[in-house]
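Chains A and B supply the protein sequences, listed in that same order. Going by our numbering, the first sequence runs without a break in its numbering and finishes at 464. Going by our numbering, the second sequence runs without a break in its numbering and finishes at 464.
Everything labelled a hint here was simulated from the structure, so no lab data went into it. Some clues are possibly wrong.
Partial list, computed: chain A residues near chain B (C-beta under 8 Å) [claimed, not checked]:
1) F44
2) A181
3) G314
Built from N, CA and C at the ideal position, the CB exists for glycine as well.
Number of protein chains: 2
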Amino acid sequence: LEKFFLYHEIENKFMDSRLFLRPRSIAVIGASRSPQKLGHVVLAALLRSFKGQIWPVNPNADQILGLRCWPSVKELPKTPDLAIIIIPASGVAEVLSQCVAKGIKAVIILSAGFAEIGNVSGERELLKIANKKLRILGPNCIGIYAPYSGVDTIFNPPYRQGRPRPGHIGFVSQSGALGAALMDWAAAEGIGFAAFVSIGNRIDVDEVDVLSWFASDKNVRAIALYLEGAKRGRELFTMLKAITRKKPVIALKAGRTIPGAAAVASHTAALAGEPAIYSGMFAQTGTIEARSIEQLFDFAKIFSQPLPNGDRIAIITNGGGFGVLCADAIIESGLRMAKLEKSTLDSIKPHVPEYVILGNPIDLTGDANAQRYAHALSAVLKDPNVDALLVTTLMQITTLEPEIVDVLTEAQGKKPIVAVCTGGHWSAAHKNLLESRGIPVYPTPERAAAALASLIKYAKFKKLKSGFFS
Amino acid sequence: LEKFFLYHEIENKFMDSRLFLRPRSIAVIGASRSPQKLGHVVLAALLRSFKGQIWPVNPNADQILGLRCWPSVKELPKTPDLAIIIIPASGVAEVLSQCVAKGIKAVIILSAGFAEIGNVSGERELLKIANKKLRILGPNCIGIYAPYSGVDTIFNPPYRQGRPRPGHIGFVSQSGALGAALMDWAAAEGIGFAAFVSIGNRIDVDEVDVLSWFASDKNVRAIALYLEGAKRGRELFTMLKAITRKKPVIALKAGRTIPGAAAVASHTAALAGEPAIYSGMFAQTGTIEARSIEQLFDFAKIFSQPLPNGDRIAIITNGGGFGVLCADAIIESGLRMAKLEKSTLDSIKPHVPEYVILGNPIDLTGDANAQRYAHALSAVLKDPNVDALLVTTLMQITTLEPEIVDVLTEAQGKKPIVAVCTGGHWSAAHKNLLESRGIPVYPTPERAAAALASLIKYAKFKKLKSGFFS
Chain A
-5 LEKFFLYHEI
5 ENKFMDSRLF
15 LRPRSIAVIG
25 ASRSPQKLGH
35 VVLAALLRSF
45 KGQIWPVNPN
55 ADQILGLRCW
65 PSVKELPKTP
75 DLAIIIIPAS
85 GVAEVLSQCV
95 AKGIKAVIIL
105 SAGFAEIGNV
115 SGERELLKIA
125 NKKLRILGPN
135 CIGIYAPYSG
145 VDTIFNPPYR
155 QGRPRPGHIG
165 FVSQSGALGA
175 ALMDWAAAEG
185 IGFAAFVSIG
195 NRIDVDEVDV
205 LSWFASDKNV
215 RAIALYLEGA
225 KRGRELFTML
235 KAITRKKPVI
245 ALKAGRTIPG
255 AAAVASHTAA
265 LAGEPAIYSG
275 MFAQTGTIEA
285 RSIEQLFDFA
295 KIFSQPLPNG
305 DRIAIITNGG
315 GFGVLCADAI
325 IESGLRMAKL
335 EKSTLDSIKP
345 HVPEYVILGN
355 PIDLTGDANA
365 QRYAHALSAV
375 LKDPNVDALL
385 VTTLMQITTL
395 EPEIVDVLTE
405 AQGKKPIVAV
415 CTGGHWSAAH
425 KNLLESRGIP
435 VYPTPERAAA
445 ALASLIKYAK
455 FKKLKSGFFS
Chain B
-5 LEKFFLYHEI
5 ENKFMDSRLF
15 LRPRSIAVIG
25 ASRSPQKLGH
35 VVLAALLRSF
45 KGQIWPVNPN
55 ADQILGLRCW
65 PSVKELPKTP
75 DLAIIIIPAS
85 GVAEVLSQCV
95 AKGIKAVIIL
105 SAGFAEIGNV
115 SGERELLKIA
125 NKKLRILGPN
135 CIGIYAPYSG
145 VDTIFNPPYR
155 QGRPRPGHIG
165 FVSQSGALGA
175 ALMDWAAAEG
185 IGFAAFVSIG
195 NRIDVDEVDV
205 LSWFASDKNV
215 RAIALYLEGA
225 KRGRELFTML
235 KAITRKKPVI
245 ALKAGRTIPG
255 AAAVASHTAA
265 LAGEPAIYSG
275 MFAQTGTIEA
285 RSIEQLFDFA
295 KIFSQPLPNG
305 DRIAIITNGG
315 GFGVLCADAI
325 IESGLRMAKL
335 EKSTLDSIKP
345 HVPEYVILGN
355 PIDLTGDANA
365 QRYAHALSAV
375 LKDPNVDALL
385 VTTLMQITTL
395 EPEIVDVLTE
405 AQGKKPIVAV
415 CTGGHWSAAH
425 KNLLESRGIP
435 VYPTPERAAA
445 ALASLIKYAK
455 FKKLKSGFFS
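Throw the hints in and build the complete structure from the sequences for me.
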């Protein structure tokens, strides 16, 4: 029965998901000619990235940014798949009525000025107008960024906030500012997103809905969830349980402490709830719990790699110190060091200088070039005792050519490869290229090992559950 | 007696410290005309930064990079304060004899090819030649980077490895590659160094010596130590005990696990020792133990701020979600949330909109500008219940002007201020500026809170010890 409910639920959301994440036409209600206004920034963002039809709505303009402008929703040439409302709170109800009348099924209300400042009745009015004839995302949110379809309602200008490249992470955030900061960070780090959804005051669409959208979205391979308090605890539990059998969910629950929970109450008027209940829910549903915003994405991005068959890790490095730190980090993360076959090490020997240290770690030493890595990678990945590979590439040393990026890219296959690359701008250039080729890169051995542990934990969970569900 | 020994020891090292960290003249033995050779890269680096006299030594060149070249050490016009040897291992002994004969007192041997590849006898020979008439740093090290004097023997080209700006951190590393990677990272992050010393095979100068140099170096306000295994355990203990009463030491001990310790043995031929012994030593000497390379510098850089009188933290933010995460992180790091005086909050009220949340956290909300921060900072820093301040500045939102950098800079005084700034390139520009003005900035609330906890831990330790020692 539960199984039926889940798939039924997911089916129901499929249409919503299409309208919000992959609309064919968008109306921007409150589009503005003034570059300082959010209604301008959003329109400009859509013009850059969205390939479908865009209809600005503003009674006081004939044309904005070269697009014909429509005086009201009523007069739009067709019913748009999605409407974005970005006008003062006092006018939202009127405009929403027009959306209902026009037959619009999906609305994002970016406007603030509702429950977050005590205006609860304003929200009740919106729900009454919607009367389940349309779905509302918001109000008081930053909306959606979906790079595959080009939807971008994020009203922070691009010079201040980067947009992540298309990738595999679906991110749902209860906090808009936090979502914006993390998208900005991910963009600079070369981390890819399939979609970002800010649920804001979530009077209608909430985290459970967005999880169901992501469940059926093929671009989403891992889900990151920032939550201050669940709106529907039971449904969240059921949804997490269903999704984690298909794809991993990494959750960061904020408000774990008494002062944190108090801050939640004044921030989103949500109940933070007992931290132990959330930890229990995450454990029982196979959701990976992150303890920091760094872990949320350190863990989410590793799922670009295949799931490993076990926890035996091989380390390859060009810095002895990093080899030591990687070994410590592997053990301290609860994983095991692979015991390489003698034949594996013997097959590397003829291709490397005598002073290379062949063991685990394999220390290719400071003068290693990309070719030396290629020999080691190829041999180690074939070793039946190796489940996953942790590769350190210190780019400071002249002998390591940029071709190391190609060597690692081509080595990808059935066993996960994770890289550690510590450094500044030169390293970042290579790191971001590796990320775009699907190899997760970490600035430290400790973060790489923790991410590997989350990958392996999920692989074990999935193996355990696959008997029941697949 | 112990006290006497310590100061005596530190005095003895003072001359070495001057010659290595602040020489007036440097001979580069093995300077090369070929841009690919390390002897060229080092000479070029010195030419860029060192203001004293530089004498290239090479029998096969008349001039390199515009400098007159000397055929041998013997023929140098004067005795240099410091000699840098960067020739193949086989020739080092001969050149070292010439250094002794010339009366040189400080030598850095960058050349590899000694104990790290089993050539222990080669090292014994060098020590015999030196015969305590000169001090040797190395061999198999990357030497010294000292931005205040301009000493730079780091042979990684500047496009691959950045050099940190002048700052307050003294960093001693048993691993050269790790040191290079972390300097590169620090440079990109805007973190300042007073000096970096790579001890390599440490046949003479070791971590204890460098700690004593840093103890008496006024530019060094905090010491970062990367260690795989102590050379002189007892002396290290005594030195740490003495230094931590003057300035903080943050230590990262690698080789804490069995595979890690095995990797240490093949990397630096050192004994990793029992991890519990090191943890015990760090605890007993007031040394702050870092558990990752990120913590090593997260902790070291916070000592640009004054020591706080207690552990009551106030939080100011322009993002509610970050306020929640900061509160969680403060509590989970073992610190306390400050209870602000009603008068403090009342004094902010007239200067901020009604919807600003006045409590702890103070949530200035998403449309906060620099002026709003200025009012809040000034009031909170005066509150007698506040020992330290954690300020989040999300730079994605248009209303927060770059002037926030000046506001934070000017707020600095007797109470420590730490910032959280999460984001991409725009954020990084502001973050690096703040770092250069002495405000430590962290990418996440969790790392900021952990660093604050290390600052407070050291402040408590110093208060406890000051009665005995000052």
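We went through each hint and held it up to the structure:
1. F44: Given a least distance of 21 Å, the restraint on F44(A) is violated.
2. A181: Holds. Min distance 5 Å.
3. G314: Holds. Min distance 3 Å.
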